[in-house]
Amino acid sequence: MKNILQREIPETLEGIGELEPFQGAFTKLRKGWMEEKKVPPPNKATMPHSSKMCSNLKEAIIRTKPRNGMTVSFHHHLRGGDNILVESIRILAELGIKDITLASSSLTSAHEPILPYIKNGTITQIYSSGIRGEIGKAVAQGVMPKPFVIHSHGGRVRSVHTGNIKIDLTVIAASAADVEGNSTGAHGPSAFGSMGYAVIDARYARQVVVVTDNIVDYPCVPQAVTQNFVDYVVKVDSIGDPSKIAGGTTRITKAPMDLQIARLAAQVIEHSGLLKEGFSFQVGAGGASLAVAKYIRKIMKNKDIKGSFLLGGVTSYGVDMLNEGLFKSIFDVQSFDAAVSSSLLTNPYHIEITAGLYANPFNCGCMTNKLDIVVLGALEIDTDFNVNVITGSEGYVRGASGGHSDTASGANLTVVVCPSFRGRIPIVKEKVHTIVTPGESIDVLVTERGICVNPNRPELKENLIKGGIAIKEIKDLAAEVEQITGKAKPIENGERIVGIVEYRDGTIIDVIRQVK
Amino acid sequence: MELKLKAQAGSFESSDVLIMVEPQPQGVGRKIELESIVMQQFGDDLLLQIHRDLDAYGIKDIRVIINDKGALPPTLSARLETALKRSAGLQTGTLI
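Chain order of the listed sequences is A and B. Residue 514 in the working numbering sits at position 513 of the first sequence; the count goes up by one each step and never skips. Residue 30 in the working numbering sits at position 36 of the second sequence; the count goes up by one each step and never skips.
Chain A extracted, bound-state conformation (with noise of 0.2 Å):
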């Protein structure tokens, strides 16, 4: 069967069971309930006075009684630093444990070395929001017997919610904790900031292991995750690279085609009618998008604009922003650099969330859904404005879901930001391989070489055009790059799929077919 985006979604898949296909970003959610049921998380029940406390990660491990076909789950708030990951995978598959599903809210490049778990049958199934590098590109030859995940931040809540993702052993690190596992990530030698996306984890997984290099006296304040839903509490020596865990911030690009998108883009934003007194406002880390910010905040100084609150993956760009006061609080699900941790810890308008409270599209309301600005990056960008952010040009899976849906669904004001062709390779193209994003949920493409807006938003080209700027009918833009780079022969792949694109509500968008 088709999607509403004509992608050829089966009816059921073998490692998954059956698709619902993707039928528009609000149909599921406008009826105000959803029919798929919630779990139960676990009920427990512990001894006073009794220790939680195991001499190290592999005693832990074992007392949780891991068993084969078990789901492990992880946050991967430690960046590229993180060593928990892969030491708690090669803890499993020395203990012989086999076809484990790995849940990890993303996988980064500091997870390569579990390559060798999914090439041996250690591990059979990957959940995740995003994959990269080596692992990306084994994943998508098909190395895996059953198909992988692709999840939005939100989405990933909703799926640990209904079950879809049965954790029975989270490992959770974090760089302070107590003997009974209350726990942060905001102090410690090893600091990383919010920890948002470990908490459903500790609520719903079977098993709950806390994993600090820094134990602190009972009781640890402030508290990401709470004692009453943790079974083991683990001291290491290292919970991975401090240098990649708690380096440094976050710079502002210096590549001047990345500054001159990012500067277009503050002036779409500037005329757009929504940079008004009190705006919500979303940024990501990468090249373009966080640079838009610069000029954002020229703006508002020089129109003396002050914002309502910052929200996501916050960098210390952002903390700087609310430290000046041109924002009055930030809500933050994952700090992108560690600079952010000390404001986290300090500053009691710099607010650590859940991934629930994020973006979950099932409950009452996300934050998101109170965004007005989000400024989001795109590895491809179609003529119907939906949006790639997982699959590369050679069809290989190299990026991450994150929350590019959720806070697009969400915001009043979309923009994508982009070149238009890197290198050789097309990025506006007619199609592109994989979508992530339903073009409904982008507002405005900007380029170096042109600004495009979604025809569903007369109003905004109308505001645009009167803020003198020249917009460009997508489609002319998609020709205008092919006359540049010649068109591209379509990526090859076989028929058997190994990877499904979930949309927030868990309904397919998309497939990825496996890579010849």
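If you are wondering where the hints come from, they were derived from the structure by calculation, not from laboratory data. Each residue gets a CB set at the ideal place from its N, CA and C atoms; glycine is no exception. Errors might be hidden in some of the hints.
Stated by the list, open to error - Where chain A lies over chain B, by a calculated footprint (3+ residues, C-beta under 8 Å): (1) 33 to 41; (2) 62 to 71.
Stated by the list, open to error - Estimated spans, in silico, between C-beta atoms of each pair: (3) B:Lys(-2) - A:Ile472: 51 to 59 Å; (4) A:Gly495 - B:Lys(-2): 47 to 55 Å; (5) B:Tyr51 - A:Lys120: 44 to 52 Å; (6) B:Glu27 - A:Gly495: 28 to 36 Å.
Using the hints provided, position chain B relative to the given structure of chain A.
Showing chain B alone in chain A's frame:
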């Protein structure tokens, strides 16, 4: 155009192409060794363009080594033209 020397033009930079040319005895034909980061998408186009350009210069016997980092078509033609002119002694520049 009569080729006399080994010559090269271009670079290994992203969006550029490095081209080396070497004269061949008459009757040998064109030996083209092509490597590109966009081989899958544009490999056929690249070869076609090289042949078309060599046709335009009337070159039948040549060895061309191309290492492409995603250059656009005008860049490719310009780099090839320079390499050929250097080989023919019509332009100074990097010889091998």
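Structure-based check of all given hints:
1. A stretch counts as covered by a chain when three or more of its residues have a beta carbon under 8 Å from one of that chain; for the stretch 33 to 41 of chain B and chain A the count is 6, and the coverage holds.
2. Coverage of the stretch 62 to 71 of chain B by chain A holds in this model, with 5 residues showing a Cβ closer than 8 Å to a Cβ of that chain against a need of three.
3. Roughly 54 Å separates the CB atoms of Lys(-2) of chain B and Ile472 of chain A, a value that falls within the hinted 51 to 59 Å.
4. Between Gly495 of chain A and Lys(-2) of chain B the beta carbons are some 49 Å apart, a value that agrees with the proposed interval 47 to 55 Å.
5. Remark: the range hint 44 to 52 Å for Tyr51 of chain B to Lys120 of chain A is upheld by a beta-carbon distance near 50 Å.
6. Between Glu27 of chain B and Gly495 of chain A the C-beta distance comes to about 29 Å, which sits within the given range of 28 to 36 Å.
Taken one by one, the earlier hints all hold for this structure without exception.
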